[in-house]
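Protein sequence lines, in the order shown, are assigned to chains A and B. Here this note's numbering is used: the first residue of the first sequence is -16, the next is one more, and so on. Here this note's numbering is used: the first residue of the second sequence is 315, the next is one more, and so on.
Keep in mind that the hints were calculated from the coordinates and are not lab data. All values reported here derive from a predicted model rather than from experimental measurement. Incorrect hints may appear among the rest.
To be verified - With a straight-line cut-off of 30 Å between C-alpha atoms, the simulated DSS-like cross-links for lysine-lysine are:
1) B:LYS880 with A:LYS188
2) A:LYS181 with B:LYS827
3) A:LYS270 with B:LYS646
4) B:LYS1033 with A:LYS246
5) A:LYS44 with B:LYS887
6) A:LYS179 with A:LYS103
7) A:LYS270 with B:LYS1053
8) A:LYS179 with B:LYS962
9) B:LYS646 with A:LYS257
10) B:LYS843 with B:LYS887
11) B:LYS925 with B:LYS877
12) B:LYS887 with B:LYS863
13) B:LYS410 with B:LYS429
14) B:LYS671 with B:LYS827
15) B:LYS827 with B:LYS782
16) A:LYS259 with B:LYS950
17) A:LYS281 with A:LYS245
18) A:LYS54 with A:LYS141
19) B:LYS1029 with A:LYS270
20) A:LYS103 with A:LYS128
21) A:LYS202 with A:LYS188
22) B:LYS1029 with B:LYS1053
23) B:LYS645 with A:LYS270
24) A:LYS246 with B:LYS1049
25) B:LYS595 with B:LYS537
26) A:LYS259 with B:LYS671
27) B:LYS928 with B:LYS963
28) B:LYS1053 with A:LYS281
29) B:LYS719 with B:LYS963
30) A:LYS244 with B:LYS1049
31) A:LYS257 with B:LYS1049
32) A:LYS48 with A:LYS126
33) B:LYS950 with B:LYS880
34) A:LYS239 with B:LYS833
35) A:LYS257 with B:LYS1053
36) A:LYS136 with B:LYS719
37) B:LYS410 with A:LYS181
38) B:LYS880 with B:LYS930
39) B:LYS930 with B:LYS962
40) B:LYS646 with A:LYS239
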Amino acid sequence: MRTVLLLAAAALSVQANSFYLTVAGLGGEPDYEQRFTAWAGDMKKALAGEAGAKVEVLTGKDATKANIQAKLAGFASQAKADDTLAVFFIGHGTFDDIDYKLNIPGQDISASELADALNKIPARQLVVIGTSASGGAIEKLQKDKRTVITATKAGTEKNATVFARFWVEAFRDPAADTDKNQTLTALEVYKYARLKTKDYFDTQKRLATEHSMLEDTGKGDGENDPSVANGQGLLAGRFPLLHLGSAATVAATPAKQALLKKKDDLETSIDELKYKKASMDTPAYTKQMQQLLLELAKVQASLDQ
Amino acid sequence: MMKSKFPYLIAALVLIALYVGDEQRWFRRVHAQSGPMPQAECDKLRDKPDVAAAKACYTKLTQSRDPWAIAEGYLGLGNMGSANTAFQAAIAANKKDPVRLTRWGQMYILIDQPKDARDCFEESLELDPDYAPAMMGMAKVLSIGYDGEATKWAEKALKADPKMYQAHELMAQMHLEDNNEAKALEDAKNALQIAPNDALQAMAILATIEQMNDRPGKEWLDKIFKIRSNYGEAYETMGHFFVINRRYDEGIAAYRKALELKPDLWTARAELGVNLMRFGKDEEARMQLEKTFNEGPAPSLLIVRNSLKLLDSYANFETTTTPRTILKLQKKEAALLRPYIQEEFETALTTYEKKYKFKLDGPVQIEVYPDHEDFAVRTMGMPGLGALGVTFGKVVAMDSPNGRKPGEFHWAATMWHELSHVYVLTMTQSRTPRWFTEGLAVYEETAVHPEWGDRMTPREIKAIKEKKLLPIADLDRGYIHPSYPEQVIVSYYQGGRVLTYIIDKWGFDAVLKMIDGYKNLKDTPTVLKDALGVTPEEFDAQFFPWLEKDTKTAVDGFDNWTKRLKDVAASAKEKQWDAVIKDGLEIRDIYPDYIEPANVYEFLSQAYLGKGDKPKAITQLEAWAEHGGRTPATLKQLADLQMEAGNKKAAVSALEKLNFIFLKDEVAHQKLGTLYMELGNPKGAVREFQGVLGSGTIDQAGAHYNLATAYRAVKQNDKALEEVFASLEAAPGYKPAQKLLLELSAQ
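Go ahead and model the full structure; you've got the sequences and the hints to work with.
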């Protein structure tokens, strides 16, 4: 877990580039058309302030197969291995038992064709397909060092989805940054959208017609609720999507190196303790955790002085 | 739930037994050259009673070559699955026989399949429109659903066969369900005139009337048991009436007596189990229900299966107690609901204790069900109940605020309604008529807060206009045997208005006098005379003009209002805001109680917002909320507009209203908590931030931190510390929480 934090920190401090592509497919009817375009616009707005980010959006008649492939080819020529690429697909999708297709103007684009284009990009990748039947795309898209998120668990969940709406909402809601480190990761956004989608169906007293999935191990069907126990979410937890505040500019002056080292050690101990929680008795865990948290708070106070 | 099935014991074929004698006559009429019905001899043995011989007789029937005899054999043995198959074969063998079809229908009644039963009776009547037993079947199946049409079918059956005393028995039962003893008595006696030694149910009704009036009814019971020593059905009938009159203790005792006489009276055992469960005696309830499931007819009654399933689910509930409250909540929603429900629970008990001048002798239990069907099973043993809450003695079962779509249900009003029942029924030992109990509870909903309680809806306007409200002497009938689909709801409304009128004119002390009168077993005419000094007719002569005057504008203007509301809606769709405002303002006060979706207030507010006039939009939404508007999204919109206008107190009021309607809204709790902190009400903030956590927020760190700040503000530093640690455990680097931790640790 410490590795996770270090990698996350690396993602924050190293001058890596971030590439984003949002595609809003065909709505089929004006209401959906309007909604999909608005969500794509919201994504663009949310990412606008992200330092060093290259943000591309394709909506309406521009969201063609050729344009999508061209944008991805453009990224392939610019991106490096330590860069990040996040691709979001909004709209309706279909699955014919063999391949998933995103409904766009002209010829639809399949998951296999997307995979071909994405495989040429050396960057770490996040692919989010927030459409109906998107679960059918997992098999074609999954790959080592790529996180795949879909709105549905299978290609058979064919109703229009709400997952994308909440995915976009997460970028506006500070509550989505659950660890309060001012960096919104793919895992945090996924968990936010998953919970809100579930609440939506619960509140409306409707049978849930979509069950989102996250797959970031390169194999298997993915998990609706990624966790340490099922081994999913590790990569997504390291994938920064949006920086919310001053996290990227933390100053590490030489005078504070010792404190930073101490802080680092304490954070490691906290992570390790959390992983031992299940095997410890509660009072012992609580006592140790509280000691570590208090110590960390003191160190942070010294660093902030 | 581990169960085995031994479907070999004799079932309690009460309903079928009622008609056998007459069916025999009809059978001979239909089948002029035939002998007796196949099961006649076995039934005689069963009624003798000679259980072993009857069982042997029915078993022998199952070995017959005649599919009808086989069906009757299995029916007698309580093996409904095999009986059903055999009936199909019997009917295929003779498709023109109304008798077989009717018998099949009666079997369906026994296994809770009223629709199939009705189909059989209808088909039977198509074959022979004068077949009285099929008419009785129709009457019975309708009476089970408390359908007022049942009487018509019983009357038809009597016309077809004036000797069908069972029709009188059924009508006596229905009259007694309406609390009309005089008519029940008349029909029971008519039945006895026709069949002095066979009309056992009529005798049971007469004994029940006696017992309901706290007299032993020995004369009738002795007569019954002289004719049939094991006629447990007599006590089962009493149990039914005690239960529907909310005299559950006595109902349970009656069912026990029924089972002493006839241990295989499975319908009584099922009712005993269900009523024990209603009273929270879960262990014995399970024992009785499992016995019924394992040893009674198979498939077992739906009520039994449902109740056992519900008992299994109780492992998912948690209970908290105080000296006067027991609150049982499903674990998943307990953290969210407990603070709100507990607070309102205590307030209601304190208020009622003072108001009714009565102290309960033990704690009251409230059970809250997030799954409406579980609640329905809890109360009726069957899903599909339309009610929101039900009271059994000092136990209240109700829907959870999360059990319905947001805005459909005012949980606090429901709770106060039910708790009113607890007091009134305890004070009178459940001797009040339904119109009084329900009317008072409906009155109490709006007595707590004027905007609570249900409004006059178009269905009540229609009922007033068409003069469908009932005289006070007959009002109970509207609750028990409605004569049109919406009469139950209309009767609730009327009951509430009756009590409002009484309290407005004679004061609440008159209500206490009425309660005292009912407690002393006085009937409604006497109670009205003693407490109000009027006869029922005089009461109606005063009440109806008062109600008509009060509702005149809405009733007279309803058609015009409906037409013009459509115009307002059309203008709103076209964003013709001036037209919306002009027409909306003109019609709004014709029917100001209309606060359901597509109401004038919201159209007006939309129009004012469209024109950029937020203050006027706020005014309309405030008027909507004051009239009882419940749509969560609109209440939140109102709070947002009020906050934007800098009126934090008003926003608090709007969000507090929302809390009584829908609780699983973390954003609303967050806003209200923050407002409470800003307005110096940290205690309220503690509850709201707990609400954020209980709503299952994804932002655990933020929610625990906010709760910590609220605890700190109410000087509960130990709890503040717990919460800040919880916040930091979720987000160790969360700086505001770290700062608070250091401050708290330094203290």
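Of the hints stated earlier, which fail here?
Those not satisfied are hints 2, 6, 10, 12, 16, 21, 25, 26, 34, 37 and 40.
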